[in-house]
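Enquirer: All chains, full assembly: derive it from the sequences and hints.
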Amino acid sequence: MAFEQVSNKADFIEQEHATLDFWRENSIFEKMRDLHRGQPKWSFIDGPITANNPMGVHHGWGRTFKDLYSRFWTMRGRELRWQNGFDCQGLWVE
Numbered sequence: 001m002a003f004e005q006v007s008n009k010a011d012f013i014e015q016e017h018a019t020l021d022f023w024r025e026n027s028i029f030e031k032m033r034d035l036h037r038g039q040p041k042w043s044f045i046d047g048p049i050t051a052n053n054p055m056g057v058h059h060g061w062g063r064t065f066k067d068l069y070s071r072f073w074t075m076r077g078r079e080l081r082w083q084n085g086f087d088c089q090g091l092w093v094e
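Residue numbers (this note's numbering): 1 to 94.
Heads up, simulated DSBU-like pairs for lysine-lysine below, C-alpha to C-alpha not over 35 Å straight-line: (1) Lys66 with Lys9; (2) Lys9 with Lys31; (3) Lys31 with Lys66; (4) Lys41 with Lys31; (5) Lys41 with Lys66.
It should be emphasised that the hints constitute simulated quantities derived from the structure, not laboratory data.
None of these values were measured; they are calculated from a predicted model.
Expert: What follows is the structure, given as structure tokens:
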């Protein structure tokens, strides 16, 4: 039995689009929301993104941890309130 040839070059953009298409076609996010509806709530309000300096690695760390906490509590069965951040005037920033 021969193995299939595997490319040594990954097309990350193509993989991301394929994953997003799968999620959309199968309503994965909506199913997750339905599954946790009525469970204990967990909330995280993300502050605004500001564009006053070049991005530093610590910005990426902060975003990663915020995403990690939301995913963790979702996997623990909590109903999350998904809310974007606001700027100091109450306007959408995302």
